[in-house]
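Those sequence lines, one after another, are chains S and C. Using our numbering, read the first sequence as starting at 7 and increasing by one per residue. Using our numbering, read the second sequence as starting at 834 and increasing by one per residue.
These are computed hints drawn from the structure, not numbers from a lab. Source: prediction; values computed, not measured. A few of these clues could be false.
[Claimed, not checked] Label pairs and their in silico Cβ distance ranges: (1) 1092/C to 77/S: 28 to 38 Å; (2) 63/S to 959/C: 36 to 46 Å; (3) 63/S to 1042/C: 46 to 56 Å; (4) 77/S to 1050/C: 38 to 48 Å; (5) 112/S to 1088/C: 14 to 24 Å; (6) 70/S to 863/C: 24 to 34 Å; (7) 972/C to 77/S: 24 to 34 Å; (8) 45/S to 994/C: 23 to 33 Å; (9) 865/C to 108/S: 40 to 50 Å; (10) 865/C to 47/S: 49 to 59 Å; (11) 130/S to 972/C: 28 to 38 Å.
We put the CB at the ideal spot given by N, CA and C, even for glycine.
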Amino acid sequence: MDTSATGIDMRGLPYYYSVGGKYPRASATLLNDFKAFTGKKRYPGSGYITFRFVIDTTGNMLKKVQVIQTDEYYKDHYFDKALVDELFAYLKTLHEWKTPVLPNGARLPYRAVMTFKIDNGKVINIIP
Amino acid sequence: MEKLSILFLNCLFILLCSCRQHSQAQPAVDCSSRFVQDSLVRKYIDSGANKLPNMYNNPAWQLYCDSIIAICPDVAAAYQLKAVPFIKNGEYEKAFALNDIAVQLDPKGYTAYRGFLKCIFTRDYKGAIIDFQKAAQFYPRGYEMDHTYPFYEGLCNLELGNYPDAEQNFKQDIFIQTGGKKDQNPHFNTLLYTGILYYEMKENALAKEYLLKCLQAYSQLPEANYYLAMVYAREGNATLRKKYLEIARQSYKDGYRLNEDNIYYVNYPHEIKLYEIEQALK
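With the rest of the complex left out, here is chain C:
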């Protein structure tokens, strides 16, 4: 029995030594390397979390993100991705605690994204403007979710009622997109919101100009037709008012929308529904 105990202890000692040697032989992970960080995201997100049923609403989504953080706590993307279900499901405290870490770790990479969340998801327009202005210091011609930073600033100022600022923002947005070339067309939602801005400013001629340009690019866009109808209503043109409201109604019924990826989660500024169109038609 005594011999067996000694044999067991010897085996345990050898096993522990071998484990120690093995762990010492492991190369240290260089978490500061962009290659390493990207590899972790590929392994745990692209090949893991993104393949989960229900993706970010699957509890395992958090585990995949935590796995990256456990290996390299400074990977900003892991915090941003961990926050995705929270922002979409209304848990703003958790969402912004995580996005703030992402911004702290990688301000160039995530300040504009946080601004986007504040502008579109939580309507914190003043906070969003601050983030976009900081982001513009890193990338003066930067884009976030298909739009320039001044585009989002324009939305924020439009919603805050700071119309002259919004006008400057949209002009800058158009300049970044077109390089000042008259034959280049900016994004139709830039034209839409510039038209809405002039509608709110009661600049009917400019509102019509931009909304009609928008409709040249996307003739079914319900908001462009609706706000154009509102301009004609203000001018007392009942025929054109009715015409564009009817186009808006039919387009909405046919499934046409603002064509922004995030409209499934929240209403965009000045977004309308079939209800508002039908109310206007009454």
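The shape of chain S in the complex, shown without the other chains:
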């Protein structure tokens, strides 16, 4: 996972909301799935960990991923790397990304975003 913004050329690609690409699960479903997937280890800190990445024309996530982290007051913050890795491992289990089709039949890659809201090291919400 590339956790820096540099070197990722997402420019020119539409965001998921321009192509109806919001992940097709309720937030509660995602959270329940995450709880089943993850271990019980707790990490310190509260805030947000956001992953931005590209979904290609086959509905797969490309390797380069941008990670944006803030505390609960939206200030710059870094969570334990193990937590970020755990969230990313879960993110990679999501395989139902939409593949928007243009009027000419071509499929379109797009930029997707998913945010995990953390409260005292526990994921309490997943925001597609």
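Using the hints provided, position chain C relative to the given structure of chain S.
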């Protein structure tokens, strides 16, 4: 050569003087004037940024907003607009730094909007409630994005599990919308979320009452059909459970949604998808 140099220096002097006089002649911009602020927004946003391809995701969007700030640094709208791509694209640090400036500059105009962002975009329900309560001090019957402030407080308290508070919020929301008149119908999403609240409170009769009222206004709303089916499931009524789940599924397939402008960006509280409907039908 010497004459030419003197001529050049004279010309330069005249030019500089004329520029200085010209700049002195420019009337100062009165940034405190609402008219001036609105004019800047019209010029740089309505006639500029809003016409860009990809609008706020076009890098020039930032330049248009910065142009306003360069002329008048106290125009709250410029900061709020500059933050739009950041909130939608998950850059919360940048988004809230800018929205905080907008609130600082114009608390009456932007506190409720920031509360809305916290409630719907970042699920910071406690923070959102604080903002809406502050906003209500300015506008006790205020609206943000088509809904009253108590509506959003109700959503926040519903999601926090503070059900008695949420109940009071939705009652207040309904009162603001209808003025207490029984023949007036509140917004169907007020009815939806009040029904969902009673479903969560296990108040089946009230949940059905509100969800059925919601369906009278918007019969295809998938969430209303889905949660009504959940109430019937709890009551052991398999026939009505299946009936409303099938309506929810067909409505969802036909493209019916919560009918809120921002559902393209984030899931609303208790929003469901086709997946959840089909899982319930299994």
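The hints, checked one at a time:
no. : hint                        : verdict
1   : 1092/C to 77/S: 28 to 38 Å  : holds (34 Å)
2   : 63/S to 959/C: 36 to 46 Å   : holds (41 Å)
3   : 63/S to 1042/C: 46 to 56 Å  : holds (47 Å)
4   : 77/S to 1050/C: 38 to 48 Å  : holds (41 Å)
5   : 112/S to 1088/C: 14 to 24 Å : holds (22 Å)
6   : 70/S to 863/C: 24 to 34 Å   : violated (49 Å)
7   : 972/C to 77/S: 24 to 34 Å   : holds (30 Å)
8   : 45/S to 994/C: 23 to 33 Å   : holds (25 Å)
9   : 865/C to 108/S: 40 to 50 Å  : holds (49 Å)
10  : 865/C to 47/S: 49 to 59 Å   : holds (55 Å)
11  : 130/S to 972/C: 28 to 38 Å  : holds (31 Å)
Figure legend: structure checked against the earlier numbered hints; the only hint not met is number 6.
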